[in-house]
Amino acid sequence: MSDLPLVFGQVAKVDTGDTAWMLAATALVLLMTPALGLFYAGLVRSKNTLNTFMMSIAAIAVAGFTWALVGYSLAFDGTGDLIGGFNNVALHDVTFVPRDGTTIPALVFMAFQATFCIITTALVSGAVVERMRFSAFLVFAALWSVLVYAVMAHWAFGGGWLLERGTLDFAGGVPVEMGSGFSALAAALVVGARKDYGRQALLPHNAVLVLLGAGLLWFGWFGFNGGSGFSTGNPGVLAFTNTLLCPACTLLAWFALDAIRGRHVTAIGAATAIIVGCVGITPAGGFVSPGWAMALGFLVALPSYYVIVWRPRTRVDETLDVLAAHGVAGFTGILFIGFFAQESWNGVSDGLVYGNAAQLGDQAVAALAAPVYAFVATYILLRVIGALMPLRVTEREEALGLDVTQHGEEAYATGEGAILITPEAGFEEEMAVAQP
Amino acid sequence: MKLVIGIVRPERANDVLEALYRAEVRGFSLSRVQGHGGELDRVENYRGTTVRVGLEDKVRFEIAVSDGFVQPAIDALCEGGRTGEVGDGKIFVVPLERAVRIRTGETDHGAVTPVGPA
Chain X
6 MSDLPLVFGQ VAKVDTGDTA WMLAATALVL LMTPALGLFY AGLVRSKNTL NTFMMSIAAI
66 AVAGFTWALV GYSLAFDGTG DLIGGFNNVA LHDVTFVPRD GTTIPALVFM AFQATFCIIT
126 TALVSGAVVE RMRFSAFLVF AALWSVLVYA VMAHWAFGGG WLLERGTLDF AGGVPVEMGS
186 GFSALAAALV VGARKDYGRQ ALLPHNAVLV LLGAGLLWFG WFGFNGGSGF STGNPGVLAF
246 TNTLLCPACT LLAWFALDAI RGRHVTAIGA ATAIIVGCVG ITPAGGFVSP GWAMALGFLV
306 ALPSYYVIVW RPRTRVDETL DVLAAHGVAG FTGILFIGFF AQESWNGVSD GLVYGNAAQL
366 GDQAVAALAA PVYAFVATYI LLRVIGALMP LRVTEREEAL GLDVTQHGEE AYATGEGAIL
426 ITPEAGFEEE MAVAQP
Chain Y
51 MKLVIGIVRP ERANDVLEAL YRAEVRGFSL SRVQGHGGEL DRVENYRGTT VRVGLEDKVR
111 FEIAVSDGFV QPAIDALCEG GRTGEVGDGK IFVVPLERAV RIRTGETDHG AVTPVGPA
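Chains as they are written, first to last, in our numbering: chain X, 6 to 441; chain Y, 51 to 168.
Calculated directly from the structure, the hints in this document are not laboratory data.
Backbone N, C-alpha and C define an ideal beta-carbon position, used for all residues, glycine too.
Watch out, some of these pointers could steer you wrong.
Unchecked claim - If you anchor each label on the Cβ, the simulated ranges turn out as follows:
1. VAL93/Y x GLY171/X: 36 to 46 Å
2. GLU68/Y x PRO395/X: 25 to 35 Å
3. LEU105/Y x LEU393/X: 32 to 42 Å
4. ALA418/X x GLU68/Y: 35 to 45 Å
Construct the complete structure from the given sequences, taking the supplied hints into account.
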């Protein structure tokens, strides 16, 4: 691959405009992970704020590393049906040379895709906050980012069987949204419910953090969807604009649903609606017209809202509703393409409504395969990790909160009653000597 | 007529509330306090600053009851608040000189008896 540009210089040429946008888009998507940390941290009890936030930060550390080491290669090297190859392990052959089919350096492409792996790994943490051991989560994140995310990314983006059969997934309905959502369900089942779940009201401790996090996620999502065309060309522009329109309509629909159900339009509902709208347009962004994107915005709210209302009545403590917000909304978005994709807008394929019923079939296959793989693989993975180390903190640690027990810090420390310990032995004596 | 003061762990406060409810003790105040009762200090690190946190968050229940409810209130606090670890808290029972219900002006026994069937 690296010899090609010397021979066919005009084929693989870096475009400066495209590269500039993709550099910015990569930074935008990376911002989504701390934003998700804020969003999640606001939704938990104050004693678990830092641990919840740290799971997202840890995803940057762990998945960023595993992606460069092996995940990128598994996802994007070669066109095997199920997994890619190992030629790009440890970023071998990932250089300034453009990746095939793009006009941006492979390095930028790798970094952009790395941020996807990171945010998706962080998303799954929402299912297990407030009781999972931090060290067990680190191990889980490392293995999950490779065995589940990279594999599914290969299917949808990297030349795997879904891409080959013609499934359309613009920015990650399969690996990111359904991948995280249905993995979250499996993780919640294996790790188990919080000890107070179903007995006490476990309420979000800071709705402002939740709204701020959702707003920053939306901001970053312009890079996520807008960058998934890997250029400043039409698909990216369409996806960018649809990322504005679709969530706005989801917000409106959510306001209405909230008002009907509880007679109030809620702030945390609004934050959730932003996520659901962004997720819905993620797979469809570059394939449907702005008008249909707005229709999708209204439509995608309904199944996710229903699952969010229904889930807390079950024994399944899928704590921050990753399944509803990501799995179900991603599922809706993937299927929506099958009906309303328009070749006049996307230049690729029509959906059922525009005369191509086969596209709906390709979308349905993805909508079945992705949840099954994500759920089963994550279930087995966590069972194996659980056999080797405890997944949960003790009941006592759970009661005290994971900030203090896992990190030795508090999110809202006052310093009252805290006695300073001098950092190094002997420091105090030196001070004493210095005084006359 | 006694004032029962119970200082318990914040994470047990809900269990105490449940136990009090079952014991039909319906009137109480609750405040967040900090205190120290012999448990091991906790060490926290913030960048280069290491501190020993000597004060733990606790929840303080104040329950004014007529004599018949003193033991049920104590039992509820023990049952709801106990984990078996150091730091579960204390209960103090002090005599109560007078009590007045502001709404009606009722005093003493009438003032600390819940309104209604109980």
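Results of checking the hints against the structure:
{"no.": "1", "hint": "VAL93/Y x GLY171/X: 36 to 46 Å", "result": "violated (59 Å)"}
{"no.": "2", "hint": "GLU68/Y x PRO395/X: 25 to 35 Å", "result": "holds (29 Å)"}
{"no.": "3", "hint": "LEU105/Y x LEU393/X: 32 to 42 Å", "result": "holds (38 Å)"}
{"no.": "4", "hint": "ALA418/X x GLU68/Y: 35 to 45 Å", "result": "violated (30 Å)"}
When held up to the earlier numbered hints, the structure conflicts with 1, 4 and fits the remainder.
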